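Protein chains in written order, with UniProt numbering: chain U, 1 to 256; chain L, 1 to 256; chain A, 1 to 256; chain X, 1 to 256.
Check the hints yourself; a few may be wrong.
Since copy identity is lost for identical chains, a pair holds within one copy or between any two.
[Claimed, not checked] Straight-line distance between alpha carbons at most 20 Å, and here's what the computed SDA-like set of lysine to any residue pairs gives:
id	residue 1	residue 2
1	240	170
2	240	161
3	240	86
4	240	124
5	240	167
6	27	55
7	27	62
8	27	76
9	240	213
10	240	166
11	27	85
12	240	144
13	27	61
Note that these hints are calculated values from the structure, not bench results.
Owing to the predicted nature of the structure, the values given are computational and were not obtained by experimental measurement.
4 protein chains.
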Amino acid sequence: MADAFVVAGEELPSRLILGTGGAASLKALEEAIVASGTALVTVALRRIDPNAQGSVVDVIDRCGVRVLPNTAGCYTATEAVRLAHLAREAFDTPWVKLEVIGDEDTLLPDPIETVAAAARLVEDGFVVLPYTTDDPIVARRLADAGCAAVMPLGSPIGSGLGIRNPHNIALIRQAVSIPVVLDAGIGTASDAALAMELGCDAVLLASAVTRAEHPARMAEAMRLAVQGGRLAYRSGRIPKRDNALASSPFEGLPAW
Amino acid sequence: MADAFVVAGEELPSRLILGTGGAASLKALEEAIVASGTALVTVALRRIDPNAQGSVVDVIDRCGVRVLPNTAGCYTATEAVRLAHLAREAFDTPWVKLEVIGDEDTLLPDPIETVAAAARLVEDGFVVLPYTTDDPIVARRLADAGCAAVMPLGSPIGSGLGIRNPHNIALIRQAVSIPVVLDAGIGTASDAALAMELGCDAVLLASAVTRAEHPARMAEAMRLAVQGGRLAYRSGRIPKRDNALASSPFEGLPAW
Amino acid sequence: MADAFVVAGEELPSRLILGTGGAASLKALEEAIVASGTALVTVALRRIDPNAQGSVVDVIDRCGVRVLPNTAGCYTATEAVRLAHLAREAFDTPWVKLEVIGDEDTLLPDPIETVAAAARLVEDGFVVLPYTTDDPIVARRLADAGCAAVMPLGSPIGSGLGIRNPHNIALIRQAVSIPVVLDAGIGTASDAALAMELGCDAVLLASAVTRAEHPARMAEAMRLAVQGGRLAYRSGRIPKRDNALASSPFEGLPAW
Amino acid sequence: MADAFVVAGEELPSRLILGTGGAASLKALEEAIVASGTALVTVALRRIDPNAQGSVVDVIDRCGVRVLPNTAGCYTATEAVRLAHLAREAFDTPWVKLEVIGDEDTLLPDPIETVAAAARLVEDGFVVLPYTTDDPIVARRLADAGCAAVMPLGSPIGSGLGIRNPHNIALIRQAVSIPVVLDAGIGTASDAALAMELGCDAVLLASAVTRAEHPARMAEAMRLAVQGGRLAYRSGRIPKRDNALASSPFEGLPAW
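So here's chain U without its partners, still in its complex pose:
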């Protein structure tokens, strides 16, 4: 019955993690955070000054949600590790979303630098949640390195293309025993539901909400879709069959 979402020994009350980038205003962001029901919000250290007045940090504090600093904008393990250390001091949390990008056009993660950075950060005592491709072998390496979760992409950041390769996400679910968080590519509610049905433990998204025409409404849509997808995953769906199956046969049936 209980279906807790636990990362690194801590239970999070929501399976939706929200990114803050792309919001039109702090007000819009706050409304979206509230509507989403999230308990964990990512912020890019590069983009914010944790001590600034009227910053995204104030919004997060006011909402009573936890911060997950990320290393967005890093291209090498060395850069990412350095930034993670700064983030730990700035936000006073050992949790970090590790992001090491390989290409500024696609913003796809670099698996080699990511695995290297993950290993060092685990050694340094971080709770590491790495953004990664949908490659099951890389996911297992990240798990073996001691990451607290793996966060494969559905499609490129901000593309809204959804989950390009559901088969790989299902393989990742089989390959590791730590939580799997679908990160990047979500465009709409059905994408988020599908992620959960494939066995992901949570969904992380930003643009799909912050850049929608109605961010708070889309945040609520995502909240419902994540819950619905998770329940469906736990409900034992009917198998797919090529031919029809009548809801119930007509012959010989007594009235029930």
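Could you slot chains L, A and X onto chain U? The hints should help.
Just chains L, A and X now, with coordinates in the frame of chain U:
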């Protein structure tokens, strides 16, 4: 803000319509109806005796939901029209889900018999909700005949294959101004969310809930997915793009 | 070994049927016909004057291919039947591609008018090849009416969207014993190959060749893809499996 | 006009590369090689004794095609490099298909070991064609390391699932300037055509042919599909559009 679902001038408080076929027991059915939050439940006249004790009708009464009798099991317009009249007397409602099947293997609707039956039933004062293929031309003919809604399939009944041709559902949405209800083929929550995102006004499903391992849980999943999908449809989703878009750029940005 | 394509008792030496609409010039059309290897070319009576000099008819004569007049531009059975009769006289052939459109935006066929027209044309002694939706029930009705083939669409005319619902094409292949010709929607070679792999006996296309940047080259591509797809259909493809299967195991194997 | 397929400065007369694993007999293999028109055939050093009588090597010699030894069965860079050196001596060729597997269930490549092995083999003077995932960042790293081509998978080896993520294959085509060879996952002809339409320079497949019911026929199907797909890629296909486009308009047109 208000987003009412209105059929034939009557507002229905839920966009999920539930079929009753396939339920393992009346108890399981009742739990599923409650968990789904539905306000409208279909029953096959052929399968039930409206006056029987301990029947599906008692369950529906107890749940306080409305009945939508269907003409399941009919292969010709003549049969369907006759059965609809019986249903109107038995259930004391002019509403009817018109179902005229063309093939017992695929249970696909016969468009020619369906259009003919719809026209006659409208003349006879019924509120007609026809089950149809995903053919936009047939949908428009049904609308022109005076149907109260059109109910295109996603895929064959009980197949769980979801929406095989989303493009056609979107074309149907453009082709008619009456409500569009996705009927048949739904397998899991993301299918239901997708139907709503394509512009459907509601979703009708049976097997996906009644034959799931945990029917009541799946019914709740569907409730959330339909709500989430509808909200997403009304939120102005981000466009799909082939390349990535950073959540927000890094250069020249003040701390917000 | 032999794998003849026979329609109405006549063997056609190619499984690619070419439409003529959209060609930039008669020269481009002629080159495309030759490169495609087709033996059957459709023409719209409405668009041509069969007696004109320098017309598409001259091209077809020169190429030594057979003409399949079509009833493009008709919206009712009555119109289509009348046009078919004119075409029979003009081109001196009982063969006709029956096309009754339901909507000028989507150019989707109207199944009700199409079935009605088909029945009349069969009675009038035509060899009827109807353009239809991908609806298996309508396809069977057309077969029952005595059509020589059924020609379901992959997607709307000129859309280049390929085969939106492969499942339905496979169901049509099971539903009828007359030839199935995939007509409309083909965009590129792999679409044509897929049509054949689904069990279609032939492919009919126009825009994909005539509007390509290099029509003759694309015509050759389609010729190869149709042949390749047909061979693949007859080769007993490997099953799809979710997990990998090594090309051959390594243990205990002698050198072969 | 000319459209040569050149790898490491050498032109190959066919864009289809054939694997030998899975063949039921040497005779079946020989017939498939001939029917495929291939000019390059992979062999697993582990599976064959290059000096044995009546071996796959004899078949390859007789067919007059080139050998591409592979390192199938290796799990680390060290193993793969060692095996590549043995293969170079045994087959007297510096060409090698580099394969470093990360998992025996999925047989997916390990990107980290693959990149490491590739760099060493390039240094040692090999012409390296690495089997890799569909990750554009890894593909670029392999190109930067001096590989002669990159060979991304469509889906797991032997799965027959085709190209799970066409978007990634198109991104790889943009990311590197060396040849891209689609390797693994092909099930049927349309898969091979699609690979070429996405911009791949060639296709490598084994099981799809060797394990088909009729291997030689499927080999011919693949030959045609690869040629057709390549031509289509070079023909400037029509754009996809959501609405129909009449083959040609009817009003105001003179007869042509």
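Do the hints match the structure? See the list:
no., hint, verdict
1, 240 <-> 170, "both (16 Å within a copy, 16 Å between copies)"
2, 240 <-> 161, "between (24 Å within a copy, 6 Å between copies)"
3, 240 <-> 86, "neither (50 Å within a copy, 34 Å between copies)"
4, 240 <-> 124, "neither (47 Å within a copy, 39 Å between copies)"
5, 240 <-> 167, "both (15 Å within a copy, 13 Å between copies)"
6, 27 <-> 55, "within (11 Å within a copy, 53 Å between copies)"
7, 27 <-> 62, "within (12 Å within a copy, 45 Å between copies)"
8, 27 <-> 76, "neither (34 Å within a copy, 52 Å between copies)"
9, 240 <-> 213, "between (35 Å within a copy, 14 Å between copies)"
10, 240 <-> 166, "both (16 Å within a copy, 15 Å between copies)"
11, 27 <-> 85, "neither (29 Å within a copy, 57 Å between copies)"
12, 240 <-> 144, "neither (34 Å within a copy, 30 Å between copies)"
13, 27 <-> 61, "within (14 Å within a copy, 46 Å between copies)"
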